[in-house]
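A.B. asks: Go ahead and model the full structure; you've got the sequences and the hints to work with.
These protein sequence lines map, in sequence, to chains D and R.
The opening position of the first sequence corresponds to residue 1 in the UniProt record's numbering, with each subsequent residue numbered one higher.
The opening position of the second sequence corresponds to residue 1 in the UniProt record's numbering, with each subsequent residue numbered one higher.
Calculated directly from the structure, the hints in this document are not laboratory data.
Copies of the same chain look alike in the list, so a pair counts if it works inside one copy or between any two.
With a straight-line cut-off of 27 Å between C-alpha atoms, the simulated DSSO-like cross-links for lysine-lysine are: (1) Lys51 - Lys23; (2) Lys361 - Lys285; (3) Lys16 - Lys227; (4) Lys422 - Lys361; (5) Lys227 - Lys51; (6) Lys53 - Lys227.
Just so you know, these numbers come straight off a predicted model, no measurement behind them.
2 protein chains.
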Amino acid sequence: MDRKQDASQDLLGEVKSLIENNKILELRELLEEYHTIDIFDIMEHLEEDMKIKLFEVLPLDVAASILEESDAQFFSSTLSKIDIDHRKNILELMSLDDMADILSQLEEGEIENIMELLSKEDADDIKELLIYEEESTGGIMTTGYIEVNKDMTAKEAIEHMRSHAEEAETIYYIYVVDNAEKLVGVLSLRELITARDSSIIEDLMSENIISVYVDEDREEAVRLVSKYNLIAIPVIDRQKRLKGIITVDDIIDVMEEEASEDMYKFAGTSEQERDFVEKVNPTSKEQIISSVRARIPWLIITLLGGLLSMVIFSNLDFIMNPTYASLVFFIPVVIGMGGNIGTQSSALAVMVLSNKDLEFKNVIREGMVGLITGIICSILIGIVIFIFMRDIDIVLVVSLSLFINMIVGAMIGAFMPFLFKKMDVDPSIISAPIIATLLDIVGIAIYLMITTLLLAKIV
Amino acid sequence: MDRKQDASQDLLGEVKSLIENNKILELRELLEEYHTIDIFDIMEHLEEDMKIKLFEVLPLDVAASILEESDAQFFSSTLSKIDIDHRKNILELMSLDDMADILSQLEEGEIENIMELLSKEDADDIKELLIYEEESTGGIMTTGYIEVNKDMTAKEAIEHMRSHAEEAETIYYIYVVDNAEKLVGVLSLRELITARDSSIIEDLMSENIISVYVDEDREEAVRLVSKYNLIAIPVIDRQKRLKGIITVDDIIDVMEEEASEDMYKFAGTSEQERDFVEKVNPTSKEQIISSVRARIPWLIITLLGGLLSMVIFSNLDFIMNPTYASLVFFIPVVIGMGGNIGTQSSALAVMVLSNKDLEFKNVIREGMVGLITGIICSILIGIVIFIFMRDIDIVLVVSLSLFINMIVGAMIGAFMPFLFKKMDVDPSIISAPIIATLLDIVGIAIYLMITTLLLAKIV
Chain D
1 MDRKQDASQD LLGEVKSLIE NNKILELREL LEEYHTIDIF DIMEHLEEDM
51 KIKLFEVLPL DVAASILEES DAQFFSSTLS KIDIDHRKNI LELMSLDDMA
101 DILSQLEEGE IENIMELLSK EDADDIKELL IYEEESTGGI MTTGYIEVNK
151 DMTAKEAIEH MRSHAEEAET IYYIYVVDNA EKLVGVLSLR ELITARDSSI
201 IEDLMSENII SVYVDEDREE AVRLVSKYNL IAIPVIDRQK RLKGIITVDD
251 IIDVMEEEAS EDMYKFAGTS EQERDFVEKV NPTSKEQIIS SVRARIPWLI
301 ITLLGGLLSM VIFSNLDFIM NPTYASLVFF IPVVIGMGGN IGTQSSALAV
351 MVLSNKDLEF KNVIREGMVG LITGIICSIL IGIVIFIFMR DIDIVLVVSL
401 SLFINMIVGA MIGAFMPFLF KKMDVDPSII SAPIIATLLD IVGIAIYLMI
451 TTLLLAKIV
Chain R
1 MDRKQDASQD LLGEVKSLIE NNKILELREL LEEYHTIDIF DIMEHLEEDM
51 KIKLFEVLPL DVAASILEES DAQFFSSTLS KIDIDHRKNI LELMSLDDMA
101 DILSQLEEGE IENIMELLSK EDADDIKELL IYEEESTGGI MTTGYIEVNK
151 DMTAKEAIEH MRSHAEEAET IYYIYVVDNA EKLVGVLSLR ELITARDSSI
201 IEDLMSENII SVYVDEDREE AVRLVSKYNL IAIPVIDRQK RLKGIITVDD
251 IIDVMEEEAS EDMYKFAGTS EQERDFVEKV NPTSKEQIIS SVRARIPWLI
301 ITLLGGLLSM VIFSNLDFIM NPTYASLVFF IPVVIGMGGN IGTQSSALAV
351 MVLSNKDLEF KNVIREGMVG LITGIICSIL IGIVIFIFMR DIDIVLVVSL
401 SLFINMIVGA MIGAFMPFLF KKMDVDPSII SAPIIATLLD IVGIAIYLMI
451 TTLLLAKIV
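C.D. replies: Right, here's the structure in full:
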């Protein structure tokens with residue numbers, strides 16, 4: 001199924017035996033055919049000393065790319081074990097945004113040790129990148145972009161681009177600035193190379209620039225790159241000076257993180273929890289503590305909600321009446337079904353809200369869905385009860401409660417996100433456990449009312 | 001907050017007044033400053049006749065880009081109202097993969113009408129694209145790529161690229177084929193333009209090609225583009241012949257769809273439901289029916305599960321014993337808490353599984369998390385019960401049941417996805433309602449055991 005994975009398995013064995021037999025030339029030759037990411041995968045499966053040996057024989061640019069992919073632990077454990085000049089040369093080739101991301105997770109002292117190995121220019125760029133918050137556009141941008149002055153000719157710009165291509169993360173967009181370093185235009189490489197040599201950049205460039213501010217949420221960059229199908233987006237400060245760019249591969253990484261974030265929130269936990277769990281040893285103490293911390297707030301809120309449903313429940317006095325004591329057995333299924341349809345409705349509403357405004361008629365719509373599914377489910381349960389208990393009063397009470405509970409559950413599930421949005425609270429804080437607990441309370445209250453009304457007539 | 005949205009609001013008013021006053025030149029000038037996507041947004045907010053008027057004055061390439069973004073309904077309603085020659089010219093400029101996506105949603109007759117307006121070459125390409133399934137890589141690929149022969153020189157390749165740049169979706173990767181049309185290499189535009197004119201392509205290209213087969217799941221393309229940070233990925237048939245490419249903007253679209261798919265499955269519904277709900281009129285009959293259809297299987301499964309928990313519940317004979325009748329009131333909170341922590345655990349396990357293999361020790365880990373949160377919650381509920389009821393027997397029964405239920409809930413929540421994966425069933429079919437229902441059954445059984453054991457000793 002996963003052919004790349006299989007290839008890596010074979011490669012791993014081959015690499016191991018080449019290292020063990022000290023066949024460096026063959027090793028280099030073999031690795032030349034593989035992508036950096038595959039070599040990185042291999043390294044993660046090697047023991048520490050073999051990992052270092054392999055790392056030492058890699059070409060400098062491959063070694064740099066591997067560090068770009070790595071996390072803080074891999075980065076410092078590997079670098080600390082290789083020769084200082086080699087270290088310097090590799091660092092020089094690393095992309096600055098990736099280096100800044102890794103450095104931001106290291107201790108103060110370690111950061112300084114690394115900074116000392118960098119050129120002054122790179123160190124300054126890194127210092128600036130380290131200032132920005134991880135969740136801001138500044139936190140994911142890179143300074144490896146190509147910038148030309150608006151007064152250059154196409155020929156000059158191409159020459160400039162060629163000589164700076166090596167440090168750039170992308171050369172497919174060329175950013176145009178004026179003499180005050182303000183971003184005034186953008187030009188695709190495609191437009192540049194198809195232009196006449198003598199054309200002036202200002203005449204070629206598009207002034208319709210889609211950009212983000214350096215202090216904005218990184219989700220804004222994701223939204224714009226996705227909406228306008230960009231390969232990179234420029235990042236500017238509030239004076240419109242170009243500070244960096246965000247490339248589409250980083251946008252994809254953010255999208256992957258944010259997608260799981262939504263699901264975690266919905267399940268009533270946080271995505272920090274997964275980051276911990278995916279680490280090497282999942283039974284460590286810190287991991288369990290991090291999980292407990294992420295979940296306990298939701299659990300306590302739902303526990304308090306559960307106690308509230310208990311209080312309502314204790315008002316159901318039919319359980320003291322032996323004729324109808326069996327009604328109590330239906331409580332879990334009646335309230336559970338309200339919770340289930342409410343979970344579905346609220347997930348739908350939360351997701352719709354992330355793309356567009358929800359209107360109140362969505363709540364009505366959910367009520368209709370609850371009505372139809374409610375009819376189906378209450379007929380079903382009615383038939384089952386009648387077959388086994390032959391008591392039409394119980395059929396009436398349970399079916400009617402289930403029916404009303406499903407309509408109300410669906411409407412509340414859709415209404416909560418709508419209400420939160422109106423109150424300017426992020427609707428994604430609504431989680432399945434919260435909806436389930438809320439609908440337990442509502443469900444028991446409905447059951448209490450229906451049984452009281454119907455049984456009063458019957459008894 | 002959403003500055004682009006604000007800009008569109010202003011623009012909408014301006015565009016409307018220019019159309020009403022028939023100021024075509026000013027309208028064209030105004031729109032030149034805006035991105036196609038913004039113009040498309042505007043068009044979606046205009047009434048039908050204004051929309052057509054605006055569409056007619058757009059430059060051909062902008063009109064084509066707008067149709068690329070549109071859905072089948074927008075596409076056919078707009079095209080059917082404009083002059084046939086104009087229609088032909090716009091279609092010629094449309095990207096073929098987008099056109100194929102739209103055509104696949106039209107009626108047979110309508111497709112033929114459109115095909116008649118295309119050049120023979122384009123029509124053939126479209127026919128081929130229409131064969132592939134929507135969820136396959138073939139269904140999202142485009143034929144707008146640049147292909148050169150391995151024997152060309154760099155200079156020849158650049159010339160070839162320049163003359164074909166207009167039809168290409170991306171010119172940033174150049175694909176190299178041999179005389180049998182087999183994909184043998186890839187070259188970035190960057191490498192091409194920095195090469196000497198006389199170099200032979202075969203010597204410049206990389207043979208380490210990351211590609212997908214035309215009949216593979218599109219998620220494989222997403223995985224590879226994301227893993228290897230690509231801007232496009234080539235699509236080949238089983239004979240390794242190049243059939244098309246998938247560009248990163250289409251990968252992003254797929255990611256957005258798939259991300260919500262996971263959450264929908266978890267809530268026990270489907271993402272088709274949202275596609276319906278996001279359409280203009282959310283209260284239409286078809287939409288409600290589509291929602292009912294997506295949800296009813298899950299609801300019926302959970303209903304049957306609910307009935308099972310009822311059967312177990314009816315074996316709780318303490319409710320016939322007036323001294324301990326109040327124990328029944330705690331059932332919703334005890335089983336609800338098991339369901340809540342189980343929902344959290346299963347979401348975590350499903351998400352972890354989507355990235356890497358889950359080991360059994362994750363289940364143990366969840367048991368530990370259940371143990372700690374269980375201690376906290378059972379102490380809390382014990383204190384509350386003692387304060388209000390002053391009955392140590394009830395405190396014991398409820399706290400102990402809650403405690404065991406939370407440990408078991410956490411472990412089952414983590415174990416189910418693990419088990420499904422081992423059985424080669426997609427773990428993402430596990431939904432919050434299913435977990436909640438399963439844990440209702442388990443929870444009641446635990447409550448039954450604990451009360452029977454403890455009360456037998458006490459009574």
